[in-house]
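The number in this note's numbering is simply the position in the sequence shown, starting from 1, with 25 added.
Hints in this document: simulated from the structure, not taken from any laboratory.
Because the structure is a prediction, the values reported are computed rather than measured.
Where is the CB? At the ideal position from N, CA and C, for every residue including glycine.
Listed next, the in silico SDA-like pairs over lysine to any residue satisfying Cα-Cα at most 20 Å (straight line):
1) 105 / 27
2) 105 / 31
3) 105 / 35
4) 105 / 46
5) 105 / 45
6) 105 / 47
7) 105 / 30
8) 105 / 42
9) 105 / 34
10) 105 / 33
11) 105 / 48
12) 105 / 93
13) 105 / 28
14) 105 / 94
15) 105 / 49
16) 105 / 40
17) 105 / 32
18) 105 / 44
19) 105 / 95
20) 105 / 36
21) 105 / 41
22) 105 / 37
23) 105 / 29
24) 105 / 38
25) 105 / 43
26) 105 / 39
Ranges between beta-carbon positions, derived for each pair:
27) 27 / 51: 29 to 39 Å
28) 64 / 30: 44 to 54 Å
29) 89 / 37: 17 to 27 Å
30) 58 / 92: 10 to 20 Å
31) 91 / 63: 12 to 22 Å
32) 36 / 59: 26 to 36 Å
33) 31 / 63: 38 to 48 Å
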Amino acid sequence: MTDAERNQISQRIALFERAAALFNRFGTLVPVAIAFLNRWPTEVELYPQWQVGESWRFFLSFYLYVLASFALRRAISFAKAGTEP
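With the sequences and hints as input, model every part of the structure.
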């Protein structure tokens, strides 16, 4: 791999890292906005009402965004490690 290719790949990884940082910072607001717009209940309910109600969607989507943020951070660390000589 030439230095020009390595620099181009490093620039792409840096851009991806900035996008992942923004997703990490603001990504969890997406489920909150969707819940607000769809009028889903966002308050914590007791377990029997939680099963019957719709609040499980909010918590599931929130945790999925948290896991996606973690996966993005791990992918960036692996990509950085793969480009170092």
